[in-house]
Amino acid sequence: MSRPQLLLDGVSRSFDGFKAINNLSIVVEKGELRAVIGPNGAGKTTMMDIITGKTRPDSGKVMWDQKVDLTRMDEADTARLGIGRKFQKPTVFETHSVEDNLRLSLKGGRSVWDTLLHRRTRAEDARVAELLDLIRLSDARNRPAADLSHGQKQWLEIGMLLAQDPQLLLVDEPAAGMTDAETMWTAELLKSIAGERSVIVVEHDMNFVRELGCKVTVLHQGSVLAEGSLAHVSAMPEVVEVYLGR
Amino acid sequence: MTRLIDRRMGIFLTGLFILTVALPIGNLWMEGKPVPSYAVSLMGKYLCYALLAVALDLVWGYCGILSLGHGAFFALGGYAMGMHLMREIGTRGSYANATLPDFMVFLGWQELPWFWHGFDMFWFAALMAMVVPGLLAFVFGWFAFRSRVTGVYLSIITQALTYALMLAFFRNEMGFGGNNGLTDFKDILGFPLQSDRTRVGLMVASALALAGGLLLARWVTRSRLGQVLVCVRDAESRTRFLGYRVEHYKLFIFTLSAMMAGVAGALYTPQVGIINPGEFSPANSIEIVIWVALGGRGTLVGAALGAILVAFAKTLLTGWMPEFWLFALGALFILVTIALPKGALGAIEGGLGRLRPRSTTATKEARA
Amino acid sequence: MFLRALTFMLGLWVSALPLAAQSFDDLLTRLPQGSFSDRATVVSALAATGDLRAAAVLDALGAGELHVRPSDGALLRVTGRGTNLRGTDVLTGDAVEVAPRSTEAVRVNNSLRRTVRAAMGVLTLRDPDPMRRLNAAEAAFRAPDPEQLEAIDLALDAEDDARVRAALIQARATTILRGDAPVAERVEAVETIRERSPRVVIAALAPYRADTQPEVAEAAADAVATAERTLQLWSQAQNVWFGLSLGSVLLLAAVGLAITFGVMGVINMAHGELVMLGAYTTFVVQNAIRVHAPHLFDWSLLIAAPLAFGFAGLVGVAIERGIVRHLYGRPLETLLATWGVSLILQQAVRSAFGPNNREVGNPSWMSGAFEIGQLTITWNRLWIVVFALVVFAVLMFVMRRTPIGLQMRAVTQNRAMAGNMGIRTSWVDAMTFGLGAGIAGLAGVALSQIDNVSPNLGQNYIVDSFMVVVFGGAGNIWGTLAAAFSLGIVNKFLEPYAGAVLAKIVILVAIILFIQKRPRGLFAVKGRAVEA
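Chain order of the listed sequences is A, B and C. Counting along the first sequence from 1, when you hit position 26 you're at 26 in our numbering, and nothing is skipped either side. Throughout, our numbering is defined as the position within the second sequence, counted from one, plus 246. Throughout, our numbering is defined as the position within the third sequence, counted from one, plus 614.
Simulated from the structure, these hints should not be mistaken for laboratory data. Among these hints, one or two may not hold up.
Not the full set, but computed from the structure, chain B residues with beta-carbon under 7 Å of chain A [to be verified]: (1) 360; (2) 481; (3) 494.
List time: in silico EDC-like cross-link candidates among lysine to aspartate or glutamate, alpha-carbon distance up to 20 Å [said to hold, decoys possible]: (4) 107/A with 419/B; (5) 588/B with 9/A; (6) 89/A with 9/A; (7) 19/A with 9/A; (8) 1131/C with 74/A.
If you only want the chain B side, here are some residues facing chain C, beta carbon under 10 Å, derived [what the hints assert, rightly or not]: (9) 392; (10) 403; (11) 569.
Each residue gets a CB set at the ideal place from its N, CA and C atoms; glycine is no exception.
Whenever a hint applies, use it, and build me the whole structure from the sequences.
Take a look at the structure:
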């Protein structure tokens, strides 16, 4: 049976008359891995802003797990609900150490009192060690995040995303600034994550999308132009026209 | 985890302790009084400023909120204590009115306004010195942080806040003595304010408050909460996406800071003997910022040192060549922001090579 | 023509009043005698003779300087005191030697003085000079005397100057109203009077609201009420005007900030001090003009304006090159550093010119006031409104229509791209900052006309002008205009209820709350770019 984790139904949002999102409908199943592609200005970032509660849609429904209305929530609410987001430009807490970046992302109490009275636990230590290992930053654990290279920051941010233990991961251009080998490895990682969690990847790099081997949604002018396998959508003439064939 | 009292804090607290022991001895018990009484009060005043600077460092250094209105919280604390001291005067005032302070009799008021009730009790005034600034900060912050007013916008409206309060307190109808403020205090808890022992007592109390404030601030900033504050400072949006309610954190630290500023103000009033609306002037609030910037924001101890240093320089210069003071202060603002972005403490410690140059102050803090 | 009418009138007059039958000289001899009320009768009769010589006599009497010399009964006008007396024969105007105590004053009391004034009015109603006739008619309107009704009627018949006629009709109305004419005539008089301006209507008719004739009382009450409503409207208009005036001051102080803060995103806390420098430039220019070329004084502001713009602009460029340049992308540090600059500028001016207020004079074309309806408008305020709008218009032109404006907007929107396209971004930064600073200097020229020129001048405006820019929406110069004028007007409408200080507090609190609601101001630049 289909169990939609996330449902966008007829969502629109305009900025000063410009329709960034126009009657957009997308369904992402639980455990699904989905790639979203589209030319610049197709509305990818605005779509993610709407899902995470950063931007409110002018109209339309955004439902989480068939019961929660995401349009009434802000970023912190959606994060607590289990939506993790990785930005296109890696954003980590530069003055904190790599290890602290992960610790601060770990699932757990987020209220003022929780953090004020927080004490470290063995379980946390173990989880952090595990994540450091995964993102290959164990050696850099005590270095400030500012000292990391661009690629390492990408890793760290993915690690932070995983530390949150989210139900849905929104990943914006994870392969940017990575070597080919790293890109492949990232694709593997995302594929392994999908299954128990849902993942939406926004990407420009076609090789990367091909590597993911998942259902692809093509956005154009704020709405869905095509949906299906990469082979299927690449064969559609309108897609070729607006995006691939340019 | 880092220690509550690191080396920097240890050195400062030791110095503070020596000072609080040495000054009273020199003033009260040594032959020929090598420490004059005015010096004791002056030091007490500096220590209040230092506590105020620590309060501002909490919000600015750790959470990136540049408040240009912290002088308002300080002044409100000062007024709360001033109201108690006015009530203490009792029949010793010029009009010998048991309940009404002199300025109310002068204005022809018949009874005490409702908000003056309770201030005859010291504990109540002391409580209000924290509650009133805290409440104002809470209400103001609740509005401001919830609607995500940040950066210079926030700075500008905090400045407008203290400016509005200054205009309000200048009005006689407000019931706080108008232009003249509150003054002519006689004693506190039964001890005459002019006596050397009372002055020493107040100075020691200020030192204790500063030490307590520093330790509290240090405890807060080294907790997980303190780390979140730095996250908010460096990448507010990212912090939200991790599920932290940024506005709650800001509100917490802003209110805590305002209460600390209120305590500093409450200790300040009896030592200088007057509190007036000038304390609300925007220029005063900005001066606090330079203390913190000079000492090094995000260092707590540096902020305290910066306050004492600048206040001391002000005392010297305004007495010695008053024309020069504003030039010096203005130059200090320019110099510190351009040449010493980490403050003197950051520069000195960086210069000692104890820490790697690329890391910033807050990280040093975390790893110190 | 006029003389014939006068003669005709005189004839009627003489037959109408028995007392007037006596000769002019006869009346003169009777003037010093009898009680005050006797004298009043004589005064009226003198006026009724229409003899223009009576004017000099009555004038002296009204001034309390009419003396009689008991030795020969001559009437003299005596001025001076003690031994230093000067005398004039009231009839001939010749100087006369007067020894102390050789004359007796003809005493007057208030009621007699009133009679004298009214009589003078009657006399001058027939003066050959229409201006004096007009004044006389106005005087008769203000102090109606029923006994002069006929004199007014006669004057009215003979009058051919339209303005004087209108005034006489009004005077006739008050005179009828004062007397015991039939109800219908008095009501009609009320209707005539209510055509006057509201303040005059209230002054003339308010007493008749309690008239014994109910119809008259009702008509008067109605007229007064209407006049009061009109006045109320005018006072609203006055508030709007005061608001516009305050708004133009705010606009001048804030529009430079709208450039540096709104367009460049740089907080310049020394902005107020640049305004102050503009004001001191005006002071220096005026001083130089006073010493070297006093005849140019009326031009002093026009000479000072470009100098103030240039000087403040240069200081601004120096601030940008020396300080702000190093702090781009660090707005809070910029704020602190420019605050430091403001302290230094304040102290520099204090050291150079002293801490006290400096006197900056108003040129003749900025002094005085004129009236529109019930609205008093001072020239200096009007010129400042005009000046503010001109500065704003020129600024808009520069930003929208000139190459430098285009470059400024380009650098603001995308610095890197602008740089790639060959725009010297650092030069544009300096120019933009200089422009904002120069406008601050211009504001100083205007403010020197209405505010104290002291080293603290800038401090008084800094919070207000930031509020204006933030309220209007940073980055939107039109928003600054709207914000300045709306804040100015709201402030002036609050003032009558709350007082100046409280009004200001209310506005500050309102803006603080408003910014919470709309953090980007009234006319926010919307869109994704802003949120990022």
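Pair hint outcome, residue 588/B versus residue 9/A [Cα-Cα no greater than 20 Å]: With a Cα-Cα distance of about 50 Å, the restraint between residue 588/B and residue 9/A is violated, given a limit of 20 Å.
Minimum beta-carbon distance criterion (10 Å), residue 569/B to chain C: Holds, about 6 Å.
Hint validity - residue 481/B Cβ closer than 7 Å to any chain A Cβ: Holds: closest Cβ of chain A sits about 5 Å from residue 481/B, inside 7 Å.
Interface hint outcome for residue 360/B [beta carbon to chain A under 7 Å]: Where the cut-off is 7 Å and the nearest Cβ of chain A is about 33 Å from residue 360/B, the hint is violated.
Residue 89/A paired with residue 9/A [C-alpha distance capped at 20 Å]: violated (28 Å)
Hint consistency between residue 1131/C and residue 74/A [alpha-carbon to alpha-carbon, up to 20 Å]: Holds: residue 1131/C and residue 74/A sit about 17 Å apart, inside 20 Å.
Residue 494/B as chain A interface residue, shortest Cβ-Cβ below 7 Å: Residue 494/B check passes; min Cβ-Cβ to chain A is 5 Å, inside 7 Å.
Hint validity - residue 403/B Cβ closer than 10 Å to any chain C Cβ: Result: holds, 5 Å to nearest chain C Cβ.
Proposed interface contact between residue 392/B and chain C, which counts if any beta carbon pair is under 10 Å: This interface hint holds because 7 Å falls under the 10 Å limit.
Holds or violated: residue 19/A to residue 9/A, with C-alpha atoms at most 20 Å apart: Within the cut-off at roughly 16 Å; holds.
Hinted pair residue 107/A and residue 419/B, Cα distance within 20 Å: Distance of about 54 Å is beyond 20 Å: violated.
Checked against the numbered hints given earlier, the structure breaks hints 1, 4, 5, 6 and satisfies all the rest.
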